[in-house]
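*Asks:* The listed protein sequences correspond, in order, to chains Z and E. 0 is the number of the first residue of the first sequence in numbering that gives the first Met the number 0; add one for each residue after it. 0 is the number of the first residue of the second sequence in numbering that gives the first Met the number 0; add one for each residue after it.
No lab work stands behind these hints: they were computed from the structure. Note that the Cβ used here is the ideal one computed from N, Cα and C, for glycine as well. One should not assume that every hint holds.
Here are the simulated BS3-like cross-link-like pairs (lysine-lysine), alpha carbons at most 30 Å apart as the crow flies [claimed, not checked]: (1) Z:97 - Z:169; (2) Z:169 - E:58; (3) Z:100 - E:58; (4) Z:35 - Z:97; (5) E:58 - Z:97; (6) Z:100 - Z:169.
In silico negatives: residues of chain Z with every beta carbon more than 10 Å from chain E [stated by the list, open to error]: (7) 14; (8) 20; (9) 43; (10) 58; (11) 64; (12) 98; (13) 136; (14) 137; (15) 144; (16) 147; (17) 151; (18) 153; (19) 161; (20) 169; (21) 176; (22) 181.
Residues from chain Z that keep clear of chain E, each with C-beta distances beyond 12 Å, as calculated [claimed, not checked]: (23) 46; (24) 59; (25) 60; (26) 135; (27) 166.
The chain contents come next:
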Amino acid sequence: MIPPTPYRPQDDSAQINARERALLSAIAARDDAALKELYRLYHRRLARFLMRITTNYELAEEIINDTFWVVWRHAGEFRGSSRVSTWIFGIAYRRGLKALKRAAPLPIDPMLEIAESDEPFGRVELTEWLDAALARLPVEQHVVIELAYQLGHSCEEIAVIMECPVNTVKTRMFHARRKLRGLLTALAGANPIGEHSERA
Amino acid sequence: MLIPWCVNGTLSAEADAALRAHLLVCLRCREDYESEMQLRTAMDAEGSLVFVAESSYQKLLTRIDSAALAAQSATGTRDAARPRREHRNRTPGPRAVRWLAAAAALEAMTLGLGAWLWPVRESPRPAPYVTLSSPAPSYDSAVQARVVFRSDLTLGQLRTLLRGIHAHIIDGPAAGNVYTLGFAAPSASPREFQLRVSALRESPAVLFAEPVARRAAP
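If we strip away everything but chain Z, and leave its shape as in the complex, we get (with noise of 0.2 Å):
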C-alpha cells in the first residue's frame, strides 16, 4: 500500500509568513498590538516545545517571555532571510539551551539504559512512553525530533534555528531515531502491552 501524501505545511507558509512579517514591522514601530498578535501565535507552539525541552513550566514561560523581549528589542533587524517561525524558534532555541545548563540536571531513570536499535516501532502506547525516552535523548537530538515532528520543520529550517550544517541535522536525526527505538522498546518490555491492556 502506498502511504499517503502527508499534509505539507510549507503549501500556506507563504501566507502566514506575510502576516508575520508584517506583524514583525509593527512591532519595531512599537506597536503593542502586533506584540500581542504574534504573541498569541507562538505561544502556544512554544510552550509546547520547551516544555518538553525542559519538562518545568515556569523555565519555558520564562524562555518564551526572553524570546519575546529579543523579538520587541531587535524585530526591526530581521531581514527575511528566513521564516519568521525560523527566526523565532531559533531565539527560543538558543535562550532554552543557556537556561537548560544553569539548571540542574533532570533525574534520570538508571535502570532505562540509551541503545541505539534498527527494530520499528510496535504499536505500543507511544505517547505515554515517548515523553520518558525524549527525556534520555541528548538535548540536540531530542530537539531535532520535536522541531521536525511536532513543528513540522524542514531539514534546512531546523538547520538555522540550531546553527549547524544541514548534514548535522540529518547525523542528530538518525541518532535520534535510532536511540529512540530502543528506548521504546525497552520502556514496552518494562510495560508489556497484555498487561497494561488488561489493567485498563
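Fit chain E to the known structure of chain Z by using the hints.
*Replies:* Just chain E now, with coordinates in the frame of chain Z:
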C-alpha cells in the same frame, strides 16, 4: 535519511516522489516509514496540556514597561526598550509609565526629597536633620523593597533612579550593603508597586531588589 522529512511533509516534491516509489518495493523502509508516522502522530496527539498565554503576556508587558522606565530614569533618553505604543483596551502599563514619569518630574520640581538620607549631598542647601524619632516622611510605609546597588553608582544616577520610581532610602546600608526603600505616597497599587520593583530589577544600577512583605495594619 529522508523518511523523517517525508513524514513531516517538508521534502521536495521530487525527492518525496522518489522515496514513495522506493517504499513500494522496500519492506524495511516501509516499516520504518510507518513507525515514524506513529511517532509523529503520537507527538502531535499531545493535547492535554493547556497553556494560558494571557498571564505570561502580562509579565512580558511588565518587563517592557519596567525596562522603558529604567532606561528613562537612568539616562533620560529612550533606547530600544522605549515605551510601546498604547492601543485601546490595553493594560495600564504605559499609562503607569507616563504617570510615574510625570510624578517624578513633579517631585523633582516640588519636593527635592530624592536623597534626603543619602550621606553625600550635592546641594549646598542644608538637609533636614533626621533622627530615629523624627516624624515619618510622606511615603507609604506599607510597601518597601530591599536593594543592593552597584558599587560604582554615582549619586546623580541614584537620585534619578529613585525619583523615577518614587522611592526613598529609609534604611541602610545593612549587612551586605542592603538598603531599604520606601515608596512615596500616594500609596501604590499592587501593580504599580510591582512595576517599581521590576524597574529596580531591570536597572543596570541595581544588583538585587526584593519587595518586603506588607506590614499588617495596626
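*Asks:* Against this structure, judge whether each hint is valid.
*Replies:* Hints and how they fare:
Restraint check: the Cα-Cα separation between residue 97 (chain Z) and residue 169 (chain Z) comes to about 23 Å, which is no more than 30 Å; the hinted pair holds. A distance of roughly 38 Å separates the Cα atoms of residue 169 (chain Z) and residue 58 (chain E); the hinted pair therefore is violated under the 30 Å criterion. At roughly 23 Å between alpha-carbon atoms, residue 100 (chain Z) and residue 58 (chain E) fall within 30 Å of each other, so this suggested pair holds. Between residue 35 (chain Z) and residue 97 (chain Z) the CA atoms are separated by roughly 25 Å; this keeps the pair inside 30 Å, and the hint holds.
The hinted pair formed by residue 58 (chain E) and residue 97 (chain Z) meets the criterion: a straight-line CA distance of about 20 Å does not exceed 30 Å. For the hint linking residue 100 (chain Z) to residue 169 (chain Z), the alpha-carbon distance of about 24 Å falls within 30 Å, and the restraint holds. The claim that residue 14 (chain Z) is not at the interface with chain E holds, since no C-beta of that chain comes within 10 Å of its own (minimum 17 Å). In this structure residue 20 (chain Z) is separated from chain E by more than 10 Å, as the shortest Cβ-Cβ distance comes to about 19 Å.
Against the 10 Å criterion, residue 43 (chain Z) falls within the reach of chain E, whose nearest CB is about 5 Å from its own CB. With a least beta-carbon separation of about 12 Å from chain E, residue 58 (chain Z) lies farther than 10 Å from that chain, consistent with its non-interface assignment. Consistency note on residue 64 (chain Z): stated as away from chain E, yet its beta-carbon is not over 10 Å from all of that chain's, at 5 Å minimum. Residue-level check passed: residue 98 (chain Z) sits 15 Å from the nearest beta carbon of chain E, beyond 10 Å.
Distance to chain E confirms residue 136 (chain Z) as a non-interface residue, since its nearest Cβ pair spans about 13 Å, more than 10 Å. Separation of residue 137 (chain Z) from chain E is adequate, the least Cβ-Cβ distance of about 17 Å exceeding the 10 Å criterion. Look at residue 144 (chain Z): its CB is around 8 Å from the nearest CB on chain E, not clear of 10 Å, so calling it non-interface is violated. Residue 147 (chain Z), annotated as away from the interface, has a beta carbon of chain E within 10 Å; the closest lies near 5 Å.
Annotated as non-interface, residue 151 (chain Z) brings its C-beta within 10 Å of a C-beta of chain E; the closest such distance is 5 Å. For residue 153 (chain Z), the shortest C-beta to C-beta distance to chain E comes to about 4 Å, within the 10 Å cut-off, and the non-interface label is violated. Residue 161 (chain Z), annotated as away from the interface, keeps every beta carbon of chain E farther than 10 Å; the closest lies near 15 Å. A Cβ of chain E approaches the Cβ of residue 169 (chain Z) within 10 Å, the least distance being about 5 Å, so the stated non-interface status is violated.
For residue 176 (chain Z), the condition that its CB be more than 10 Å from all CB atoms of chain E is violated, with the nearest at approximately 7 Å. Every beta carbon of chain E lies more than 10 Å from that of residue 181 (chain Z), the smallest distance being close to 13 Å; the non-interface claim holds. Interface exclusion of residue 46 (chain Z) from chain E breaks down, the closest Cβ pair being 4 Å apart, not more than 12 Å. Distance to chain E contradicts residue 59 (chain Z) as a non-interface residue, since its nearest Cβ pair spans about 9 Å, not more than 12 Å.
The claim that residue 60 (chain Z) lies off the interface is violated: its Cβ sits roughly 5 Å from the closest Cβ of chain E, which falls inside the 12 Å cut-off. With 12 Å as the threshold on Cβ separation, the claim that residue 135 (chain Z) sits away from chain E holds: the shortest Cβ distance comes to roughly 15 Å. With a least beta-carbon separation of about 10 Å from chain E, residue 166 (chain Z) fails to lie farther than 12 Å from that chain, contradicting its non-interface assignment.
Going down the numbered hints, you'll see the structure goes against 2, 9, 11, 15, 16, 17, 18, 20, 21, 23, 24, 25 and 27, while the others check out.
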